[in-house]
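Engineer: Turn these sequences into a full structure, and let the hints guide you.
Residue strings, one per chain:
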Amino acid sequence: NAGVTQTPKFRVLKTGQSMTLLCAQDMNHEYMYWYRQDPGMGLRLIHYSVGEGTTAKGEVPDGYNVSRLKKQNFLLGLESAAPSQTSVYFCASAKREIYGYTFGSGTRLTVV
Amino acid sequence: AQSVAQPEDQVNVAEGNPLTVKCTYSVSGNPYLFWYVQYPNRGLQFLLKYITGDNLVKGSYGFEAEFNKSQTSFHLKKPSALVSDSALYFCAVRDIGGTGRRALTFGSGTRLQVQP
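These protein sequence lines map, in sequence, to chains A and B.
Residue 1 is where the first sequence starts when you use the working numbering, and the numbers rise one by one after that.
Residue 1001 is where the second sequence starts when you use the working numbering, and the numbers rise one by one after that.
You may find that some hints are simply not true.
[Unchecked claim] Here are the computed lysine-lysine pairs in the DSS-like style, where the Cα-Cα straight-line distance is at most 30 Å:
| no. | chain 1 | residue 1 | chain 2 | residue 2 |
| --- | --- | --- | --- | --- |
| 1 | B | K1058 | A | K57 |
| 2 | B | K1049 | B | K1069 |
| 3 | A | K95 | B | K1022 |
| 4 | A | K57 | A | K95 |
| 5 | A | K57 | B | K1049 |
| 6 | A | K95 | B | K1077 |
| 7 | A | K95 | B | K1058 |
| 8 | A | K95 | A | K70 |
| 9 | B | K1022 | B | K1069 |
[Said to hold, decoys possible] Reference listing, derived: stretches of chain A covered by chain B, where coverage requires no fewer than 3 residues with Cβ under 8 Å from a Cβ of chain B:
| no. | region |
| --- | --- |
| 10 | 14-21 |
| 11 | 39-52 |
Calculated directly from the structure, the hints in this document are not laboratory data.
Just so it is clear, CB atoms sit at the ideal spot from N, CA and C, and this is done for glycine as well.
Structural biologist: In structure tokens:
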């Protein structure tokens, strides 16, 4: 049982490049989330999904897009990377909100 | 809107002493409250939660937290700290009665340093 798997684990992008971060969960969870973690700011919600085919904006959605075509996968896209998007990105999933979240191990992204 | 505050960036405690990591929250309805721990270069791990019922909740690794509705607080506690408890701790809240986002809002984190 792998839980929540994020790929890649590390990536360096040049300003203006695009990329997709993949989150996969094998727990049949309905809810999935993308957060970014920056020093002193905790985790901030980028986008989330309450079920297959649904997505919603979080606190800091600008510059990101997401898709949830399959229940087990939640993709985060950066259309045109900017240095301000340098961060550690965490995906999480939950069966129901009262159970809490299961987090992936994170993707460290540097935009130069 | 839901929000959570962790007023201390860092807490230092000697091994064997009790520890407290503070958290206060703001919601319009009733809260779901969570504590997570993050070890270096790892994802967040669930410690404990308050959904309803007893105000004192017990969680993993000997941690507990007390829900105080009048003070809107959910402080994390442990009777006797271990060096291995040194990590970054996050409090999180979900406003069940609110109309906002259906996701947890996290605090800024508190780094716990336990000295031998």
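Engineer: If a hint holds in the structure, say so; if it doesn't, say that too.
Structural biologist: Quick rundown of the hints versus the structure:
1. B:K1058 x A:K57: violated, 33 Å
2. B:K1049 x B:K1069: At roughly 15 Å apart (the allowed maximum being 30 Å), K1069 of chain B and K1049 of chain B satisfy the hint.
3. A:K95 x B:K1022: Holds, at roughly 28 Å.
4. A:K57 x A:K95: Holds, at about 20 Å.
5. A:K57 x B:K1049: holds, 25 Å
6. A:K95 x B:K1077: holds, 27 Å
7. A:K95 x B:K1058: holds, 21 Å
8. A:K95 x A:K70: holds, 15 Å
9. B:K1022 x B:K1069: With Cα atoms ~14 Å apart, K1022 of chain B and K1069 of chain B stay inside 30 Å; holds.
10. 14-21: That given contact is violated, which follows from only 0 residues of the region 14-21 of chain A lying within Cβ reach (below 8 Å) of chain B.
11. 39-52: Holds: 8 residues of the region 39-52 of chain A have a Cβ under 8 Å from chain B.
Of the numbered hints listed earlier, those contradicted by the structure are 1, 10.
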